[in-house]
Every structure is written in structure tokens, then in C-alpha cells.
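Residue numbers (this note's numbering), protein chains in the order written: chain U, 1048 to 1383; chain W, 1048 to 1383.
Among the hints, erroneous ones may be present.
Any copy will do: because identical chains look the same in the list, a pair fits if it lies in one copy or spans two.
What the hints assert, rightly or not - Below, a list of computed lysine-lysine pairs in the BS3-like style, where the Cα atoms sit at most 25 Å apart:
| no. | residue 1 | residue 2 |
| --- | --- | --- |
| 1 | K1298 | K1075 |
| 2 | K1297 | K1178 |
| 3 | K1148 | K1298 |
| 4 | K1228 | K1148 |
| 5 | K1298 | K1232 |
| 6 | K1178 | K1232 |
| 7 | K1075 | K1223 |
| 8 | K1223 | K1052 |
| 9 | K1298 | K1117 |
| 10 | K1297 | K1223 |
| 11 | K1074 | K1298 |
Derived by calculation from the structure, the hints in this document are not laboratory data.
Spelled out from the first residue to the last, the chains are:
There are 2 protein chains.
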Amino acid sequence: MAIQKGKSTLILDNQPSIVASASVVGKKEGEGPCSKNFDMIIDDGYFGETTWEKAESKLQKTAVNLALKKNNLTPNDIDILFAGDLLNQCIGSVYGMRDFKIPFVGLYGACSTMAESLIMASLFIEGGFAKRTCAVTSSHFCSAERQFRFPLEYGCQRTPTAQWTATASGCAILEKHQENKPFVKAVTIGTVADYGINDVNNMGAAMMPAANDTILTFFKDTGHSPEDFDKIVTGDLSAVGSELLIESLKKEGLDISEQHRDCGLMLYDRNTQNVDAGGSGCGCSASVLCSTLLKELYEKQTKNILFIATGALMSPTSLQQGETIPGIAHLLHISI
Amino acid sequence: MAIQKGKSTLILDNQPSIVASASVVGKKEGEGPCSKNFDMIIDDGYFGETTWEKAESKLQKTAVNLALKKNNLTPNDIDILFAGDLLNQCIGSVYGMRDFKIPFVGLYGACSTMAESLIMASLFIEGGFAKRTCAVTSSHFCSAERQFRFPLEYGCQRTPTAQWTATASGCAILEKHQENKPFVKAVTIGTVADYGINDVNNMGAAMMPAANDTILTFFKDTGHSPEDFDKIVTGDLSAVGSELLIESLKKEGLDISEQHRDCGLMLYDRNTQNVDAGGSGCGCSASVLCSTLLKELYEKQTKNILFIATGALMSPTSLQQGETIPGIAHLLHISI
């Protein structure tokens, strides 16, 4: 049985394995540093559909189908699927998953959704609630920009602290522990953290406090030190938030500067790809995890990583009403 | 350990108890048939706030505080909280729960959220993942109407099939099994069902197929018959959806007409309260469960009920893009 450390850190006894994963990304993401690790790179933002929202649903559907195919599975082999995305009422997931007829748990964790869904998918295996689970999420630059900021046609100038919403989806399939497959060793469920940031063009700073809190909680609850990990990967604080996080944790006596990476900085080459502070969106950490990070584990280039996906939980309405931006971060210790 | 029947029905071995619940509702809901069972009835739709969205957050916060108070608990006594609502990016929950500093799992299941959150809260106790969990959701007539349909000021005429979004919140707190407290005996997680309905003013019909599928799955997986239950309560199919559901299940050889109730029909008096087909919104089934239905169990007026909350998973954007309305329904068998 899982051992509860503190309130929200769970050390998993059965250590469910991630038996397959898949990633599908857009053209720009396909030209970045993770390029060779993606399963599919699409040329056209519409992905053969008539709207960006429908394209985003297709990204998720394709990611699930690709992950299933790797293990010769069909949708009928999955007991429960956990999914969510950034779109109002999570329509990326709902319409993407509709045809599969898999029992469905909808999540909302903004850009933390890959970690949130992976935690749920792990715990359902851990608790004996399911034999095979699936975690999936997505984002799309065009559907997100027009929903959260400005219509693309407006040609709005971006600030240097702005992040680029990834057009991408990632999917992971979990089963009971298996030899030579990455497995989930521990999880920490985050709390909502709000340090009063209200700049929608500086999400990294808004999400940093949540990452800070969750990482501190994990290290306090488990007694681990940063040296126990090959990589401590946040997603997606990008340049501004990452720097703030390292500083903030140092003040708390925790130095992760050696091990720290960020999915928002891994997905794009900031020098050549014009993404300002880096990447963001549910699909950013999802596609980096489900390609590069899991590949490194499969190949035993890394043996222990922390994956901490961060989400900014505001809406355009809440900002118009003068609210600040609360963040959340969920953490998984993935090992092989 | 929980026993998995079929894919998505779980018979709970530890049978977590609902140790406290609370409900907060608006003026109209407070004048309905469940009136005497609510913990708080608010007179003003703004609930002392400046916007309806902030009022909705306060509904959730108040429901949690009232439920905590009943058992002399503080937020610090809760290990994990599951919450969601209808608003874009679930801001009702995020801002409502922000100050509690409780580990937070955001859900999106539209009007099925009370069942979805209660299932998760139960399973976290069942699996030994937490000692005390909380499930909460809300809706607000004014925030929902302007987001999904028309600005209230427009004075749009309602159709007879339309449902009235409840201004309400319900919260339940769960712990390990306790004598003389209602407990969760089994759950069925639903699949997304879409039978091609695209009329946003006929949500009952859109959600009916999901309720139909989940109820059939539960009875098939468990071998129960409707006579095993005092009440089989859907939320919120209201008048149109309820009639369709009874008919549809009869065709499948399952007659629940004796036991069937619907939260959308229990919350209001349709003859006098001008709610057309009945109530809806996450807060509708949440407030009926967390007041009347749990009270009847506590007082042993009922001993076994099925609670099946239904959600319509579309967004205004998906409908504008010509999509139909997918539904989902999650089920709990609650006993005492």
C-alpha cells in the first residue's frame, strides 16, 4: 500500500510503470531541440480540420492512438482515461476522447495537467482500481492565444516575458510495475499558490511560487536531496520563472541549479525560434515528457527524475475582474 | 482492496464514510422543496461580492467551511480536496479554494462534478492515499447564463425544455468507514456519450444517453436490480431527460420508474417556480445530495441509493463550430 508522507506526498508501493508514451507536435515544435524524439510532427496547424479547436482534439486523439499502437493495444484495453486541456470546458479532451468509449475522468489543472493526469493514472494502478490507465493532454498555440490573449489577426506585439503556447500533445499509458520500464516511485499533489502576480504575459513568475512550494514539500516529506536526481524538470516556467525558482529555493536552503531543467526551455531554441521567454501550454511539458524525458529513462541515460508540471489557473474573466493569477504544481518521481 | 467489476465499476472494500456535508444555496433554491435541509440560504446573488463569479467562489468556500465546522475541523485537517465547476478554467473552484492551502485536484465534469469529485474523494480514502478528503462544486445562475447563453440584461425568452442553472454549492468530507455514517459502497466511472443532440436549450436530452450508459454498466457489472435501492437519483436530467431515460432503460429491460428521482426536479417546484424543465448546474445535484439525500441516509429513511450526476461537456465555442453535445455520467452507490 502507498505510504502517505505529510499530507500529499505518496510513496508508491506497487510502482506502476509507464509502458508506452507518444507525442504529436506542430511544425515549430518539430524544428526545436527535441525534434528527433517526437512520434509525429504536423505541418499544418489545422491538422486537416476546419478549426484550431478541432485540430487540438485531433492532436490528443492521435497521441492516444500512437501510444496504443506501440503496445499493440486498442482503446478497449484501457480501463480509465484521465485528460484535460486549457480550452473552455476542456473541449480539446472531450471531443478528442469522445470516440474511444473509455471511462473518462476530466481534469482541469491548466499547464499542470500532464502531471495531474499522470498522478491519477498512477494511483489508479497503485490502488488496484484499474489494470491499464491513460493520461493525455494538449495545447494549441492558435486556440490558446485567441482564447486567453488576442486574436492572432490583430498581430499584437509580444513582451519578452511572454511564453509561447506549444502546439502539442503527449500521452502515457500505465500498467503494473514492469522490468526495464520507467515507473512512478512517488508523487506530490500541489496546493494553489498565489503570490499576487497579475501579468498574463508573465506566467512563469505567476507559476513559480507553486513549483517552489511543491518541490519544498516533496524534499521535506521524503528526506531526499537534489543529488538523488539526474534531472529536476519543471514545466513550464521558462526563462523568467526558472531563474526565480532557483533563487527562491536557494533562499530556503535547497540548491537545484545543477539538476534543474524546464520543459519550456527544452522544447524550443530561444536563440533562433522567437519564443520570447520559452514554451508553455499543457502540451509543452506533456510532449517533452512523453518524448525526450521518458526516452532518456527507457535508455537509462537518466535513472531518477522529478517531473513538476506547473499551471496558471486564471481565466480572462478573472483577470478582467481584477484578480491575481493563482498557480499550481504537481510532482512525480519517475525512476527506472 | 477494491474489486474491479468490468472496466469501470469498483466495489469498495473499505467503504469510506461521508462524515459531514454542507450546502449553500441562492434565494430561489431556498424557496424550493428542499428548503429546510440547506445549511445556508443567501438573499443576494452577489453574496456580498462585486461580481457573480466571485460570489460563486464564495459559495464554494462557504460550503467547505460549513462542512468543516460540523465536525470541528480546520482546512489543515483535509489531506486532499477535489473541486471543479462550470466556469471557464474552473475559476469558481480555484479562487474559492485558494486560501485553504489544501492539496488540490482540479476536475472538469460539468454538472457531473459532484459525482466525479465524490468518486475521487472516496477512492483516495479506499486506496489509503489520504486520511480525510473533501469534494466540492458549485454553479451560479447568473455566471452560467451569461457564459453559456445570453447576457441576463438581454431578457431572452426561455424555451420549455430549458433548465434553470442552480445558484448553489455542496461539499462532502470523507474519512475511513464509520458506524452510522453514510458510506460509499461502489462507484462507476462513466464514458463520454454523444447521441448527436445540439440544442443547448435541451441539456436533459443531451445528457440522457450518458446516464443511460452508466446505469446499464453499473447494473450489468454488479448484478443488482433496481429493487435493491430506495432511490435512483439522477442529476440533472429534469423533466425532459428523466422521461427519456426511463423509456430508454425500459427498452434495455431495466425498469427504474419506481425508484427514479432527479435532482433537477427535486430542487425546485416546477409548478410555481418558473424553471421550465427543472434545475441544472454543478450546484444542483451537489446541493440536493449534500442536504436532502444525505440527510435521508443519516436518518435511515433510505438505506441504499444510487447517485448519478450527469454533465453536458460542450462549450459555446464547440457549438458555434457545429459540434454536438457530448455527455457524461458518474455513479455512486451510497449506503448506510
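Evaluated hints:
no.: 1; hint: K1298 to K1075; in the structure: neither (37 Å within a copy, 52 Å between copies)
no.: 2; hint: K1297 to K1178; in the structure: neither (41 Å within a copy, 32 Å between copies)
no.: 3; hint: K1148 to K1298; in the structure: between (49 Å within a copy, 21 Å between copies)
no.: 4; hint: K1228 to K1148; in the structure: neither (27 Å within a copy, 35 Å between copies)
no.: 5; hint: K1298 to K1232; in the structure: neither (28 Å within a copy, 48 Å between copies)
no.: 6; hint: K1178 to K1232; in the structure: both (18 Å within a copy, 20 Å between copies)
no.: 7; hint: K1075 to K1223; in the structure: neither (36 Å within a copy, 50 Å between copies)
no.: 8; hint: K1223 to K1052; in the structure: both (22 Å within a copy, 18 Å between copies)
no.: 9; hint: K1298 to K1117; in the structure: neither (44 Å within a copy, 40 Å between copies)
no.: 10; hint: K1297 to K1223; in the structure: neither (37 Å within a copy, 39 Å between copies)
no.: 11; hint: K1074 to K1298; in the structure: neither (40 Å within a copy, 50 Å between copies)
When the structure is compared with the earlier hints, violations turn up for hints 1, 2, 4, 5, 7, 9, 10, 11 and for no others.
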